[in-house]
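There are 2 protein chains.
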Amino acid sequence: MHGPRPTLEAVAAHAGVSRATVSRVVNGGAGVRKSLRDRVQASVAELGYVPNSAARSLVTRRTGAVAVVIAEPETRVFSDPFFAQQLRGISRELAACDTQLLLMLLEGRTDYDRIGRYLAGGHVDGALMFSLHRDDPLPSMANASGLPTVFGGRPGWPGAEDDPELLYVDTDNRGGARQAVEHLLQRGRRRIAVITGPLDQTSALDRLDGYLDALGLSEPDPALVAHGDFTAEGGERAMAELLDRSPGPDAVFAGNDLTATGALRTLRARGLRVPQDVAVVGYDDLEQAAWAEPALTTVRQDIQGMGRMMAELLLRRLELGGASGGERPAPVVTPARLVVRASS
Amino acid sequence: MHGPRPTLEAVAAHAGVSRATVSRVVNGGAGVRKSLRDRVQASVAELGYVPNSAARSLVTRRTGAVAVVIAEPETRVFSDPFFAQQLRGISRELAACDTQLLLMLLEGRTDYDRIGRYLAGGHVDGALMFSLHRDDPLPSMANASGLPTVFGGRPGWPGAEDDPELLYVDTDNRGGARQAVEHLLQRGRRRIAVITGPLDQTSALDRLDGYLDALGLSEPDPALVAHGDFTAEGGERAMAELLDRSPGPDAVFAGNDLTATGALRTLRARGLRVPQDVAVVGYDDLEQAAWAEPALTTVRQDIQGMGRMMAELLLRRLELGGASGGERPAPVVTPARLVVRASS
Chain A
335 MHGPRPTLEA
345 VAAHAGVSRA
355 TVSRVVNGGA
365 GVRKSLRDRV
375 QASVAELGYV
385 PNSAARSLVT
395 RRTGAVAVVI
405 AEPETRVFSD
415 PFFAQQLRGI
425 SRELAACDTQ
435 LLLMLLEGRT
445 DYDRIGRYLA
455 GGHVDGALMF
465 SLHRDDPLPS
475 MANASGLPTV
485 FGGRPGWPGA
495 EDDPELLYVD
505 TDNRGGARQA
515 VEHLLQRGRR
525 RIAVITGPLD
535 QTSALDRLDG
545 YLDALGLSEP
555 DPALVAHGDF
565 TAEGGERAMA
575 ELLDRSPGPD
585 AVFAGNDLTA
595 TGALRTLRAR
605 GLRVPQDVAV
615 VGYDDLEQAA
625 WAEPALTTVR
635 QDIQGMGRMM
645 AELLLRRLEL
655 GGASGGERPA
665 PVVTPARLVV
675 RASS
Chain B
335 MHGPRPTLEA
345 VAAHAGVSRA
355 TVSRVVNGGA
365 GVRKSLRDRV
375 QASVAELGYV
385 PNSAARSLVT
395 RRTGAVAVVI
405 AEPETRVFSD
415 PFFAQQLRGI
425 SRELAACDTQ
435 LLLMLLEGRT
445 DYDRIGRYLA
455 GGHVDGALMF
465 SLHRDDPLPS
475 MANASGLPTV
485 FGGRPGWPGA
495 EDDPELLYVD
505 TDNRGGARQA
515 VEHLLQRGRR
525 RIAVITGPLD
535 QTSALDRLDG
545 YLDALGLSEP
555 DPALVAHGDF
565 TAEGGERAMA
575 ELLDRSPGPD
585 AVFAGNDLTA
595 TGALRTLRAR
605 GLRVPQDVAV
615 VGYDDLEQAA
625 WAEPALTTVR
635 QDIQGMGRMM
645 AELLLRRLEL
655 GGASGGERPA
665 PVVTPARLVV
675 RASS
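Chains as they are written, first to last, in my numbering: chain A, 335 to 678; chain B, 335 to 678.
Hints listed in this document are in silico derivations from the structure and should not be mistaken for laboratory results.
Check the hints yourself; a few may be wrong.
Stated by the list, open to error - Label pairs and their calculated CB-CB ranges:
| hint | chain 1 | residue 1 | chain 2 | residue 2 | range |
| --- | --- | --- | --- | --- | --- |
| 1 | A | G456 | B | T668 | 34 to 42 angstroms |
| 2 | A | A376 | B | P665 | 18 to 26 angstroms |
| 3 | A | D534 | B | E343 | 55 to 63 angstroms |
| 4 | A | S474 | B | E380 | 26 to 34 angstroms |
Beta carbons: idealized from backbone N, C-alpha and C, even for Gly.
Working from the sequences, and respecting the hints, build out all of it.
Below, the structure is given as structure tokens:
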């Protein structure tokens with residue numbers, strides 16, 4: 335992190351492009367094709383090049399900062415490693431383009447007005463918002479502020495589907511869940527339960543739909559569904575509910591990895607063997623999944639990559655703001671892939 | 335978090351004060367005595383009252399936001415629970431006074447210029463900075479920006495001691511370390527090793543001094559000192575170094591709890607019993623300390639409380655900025671207390 339500051343020339347030599355190309359990329363990238371832009375940005379990141387943004391902001395009237403709002407209390411932001419991974423992807427991408435990440439921490443709904451005022455106050459160039467709930471006021475705040483915004487997760491609010499300008503990055507939650515449940519069917523499981531996430535979030539709804547797809551159902555068997563909230567404690571409680579019914583399940587598809595670790599805890603406490611008595615599958619492939627006892631079968635999504643893509647989309651929209659032509663940014667949906675381990 | 339928004343009148347009734355007093359507290363607190371101010375702020379927090387800051391900021395020219403800069407890469411911010419706890423204290427205190435916390439994430443030293451520009455750009459009312467290292471550029475940036483700033487941890491940079499305006503919150507690291515090592519002496523340990531933190535931070539230096547105080551030394555026995563970096567991996571490595579020397583230690587004072595959990599890992603891998611063969615004491619009293627195997631003796635500091643006090647000091651300095659009289663904010667040093675568990 336030390337040493338002399340690299341120059342524009344050093345970046346040009348490293349990327350094998352002209353000084354003018356580096357300058358264009360650093361100042362927004364208009365008129366530079368994507369492959370070239372990527373190469374220059376990689377060199378900028380590797381050398382730690384810091385352009386003279388003070389001069390740049392005089393021209394572009396930018397603040398050089400992007401707000402990140404996670405629609406969860408700060409206690410969840412710091413206890414669920416999902417958010418840390420997503421922020422890592424965002425932070426690296428923004429830093430590589432000399433843009434400051436401002437994480438706006440919040441305690442509850444009463445903080446939203448204040449966040450809306452700050453966003454509308456001209457202190458940031460754009461916003462990234464994720465973990466939104468159905469009745470979240472954030473999308474309309476983003477809209478009212480006039481700030482370019484990219485969402486994490488498929489937007490679920492009324493009217494979202496008809497808005498062609500809406501930018502978001504999501505993963506194929508429905509397809510991932512389907513793979514997980516098909517895998518359990520292939521292992522001969524016949525009473526496959528589901529512990530949902532919070533059903534006011536599209537990720538939880540889509541995973542439930544994937545579960546139903548695999549089983550060929552239009553709605554879940556009430557005996558085999560319990561509601562969680564994407565936390566370990568929620569998984570613990572939901573698993574206990576499922577086991578208190580008779581006959582119990584021989585497999586569980588948990589809404590995410592934290593939920594699955596909670597379910598494992600309850601199964602252990604009740605003296606049930608995993609996977610012999612009950613197979614368990616999670617979702618996310620956090621580090622904890624591989625460490626769990628037994629190691630957790632789960633659905634892998636590229637969480638850090640999704641953060642990076644959110645930042646990329648926003649930076650591209652900011653660049654396009656002042657330029658004509660160029661590729662139009664569009665929503666991205668990344669694939670999900672089953673990772674089989676000992677728990678199933 | 336839902337329900338109708340509470341009014342100024344509701345806060346006044348709840349706190350048992352006049353409407354004017356609530357208004358004065360909400361608008362800076364000048365001329366309101368501390369006990370009354372605390373009572374009103376508690377009611378504001380409990381009811382979730384959101385004052386009309388848009389109007390307020392027209393009068394006060396405030397942005398309503400405070401920047402928090404942690405002088406560590408974001409990977410450490412999200413992996414060391416110390417930071418989450420400190421941020422929790424800060425976030426709650428700021429939210430209670432309708433002030434937005436902006437966490438400025440950074441990847442490395444090359445990001446500091448950008449942070450300095452943002453701080454100087456008029457986008458925040460003040461800054462909280464912690465985990466500073468000896469040659470950190472942050473204090474001079476804070477100075478150059480003209481922003482009221484409160485530091486976490488005793489400032490260690492040249493000239494800091496002579497600056498009567500400097501505000502910081504620290505804990506009695508030296509006294510806490512002395513308690514830890516005196517406890518090991520009382521348990522009959524005679525070869526007490528130390529694993530330091532990064533010695534460019536005052537917290538690590540002060541804990542080393544406390545270790546030396548308890549042993550009546552002016553510098554450590556080279557056979558009984560190893561250098562860590564406040565991470566579990568660093569503790570693992572340092573413990574291995576200590577055990578590779580002969581004769582080995584019969585006790586270890588680790589720089590913090592993460593370091594201690596790393597040391598426990600190495601001791602387990604070498605087949606040594608804790609505390610029979612080697613006693614271990616940590617520092618911080620994170621949740622992990624109580625869960626460790628065996629449960630960790632450690633030095634408790636009120637981390638969340640320290641975050642709260644940093645925010646309080648800053649808010650008071652901001653209030654005093656526009657007012658005459660009132661209590662002058664001053665640095666705070668909180669006590670540290672030994673918590674004895676199975677590892678010693």
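Taking the hints in turn, this is what the structure says about them:
1. A:G456 <-> B:T668: 34 to 42 angstroms: About 38 angstroms separates the Cβ atoms of G456 (chain A) and T668 (chain B), which means 34 to 42 angstroms holds.
2. A:A376 <-> B:P665: 18 to 26 angstroms: Violated, at about 45 angstroms.
3. A:D534 <-> B:E343: 55 to 63 angstroms: At 33 angstroms between Cβs, range violated.
4. A:S474 <-> B:E380: 26 to 34 angstroms: holds (28 angstroms)
Violation of the numbered hints given earlier is confined to hints 2 and 3; the remaining hints are satisfied by the structure.
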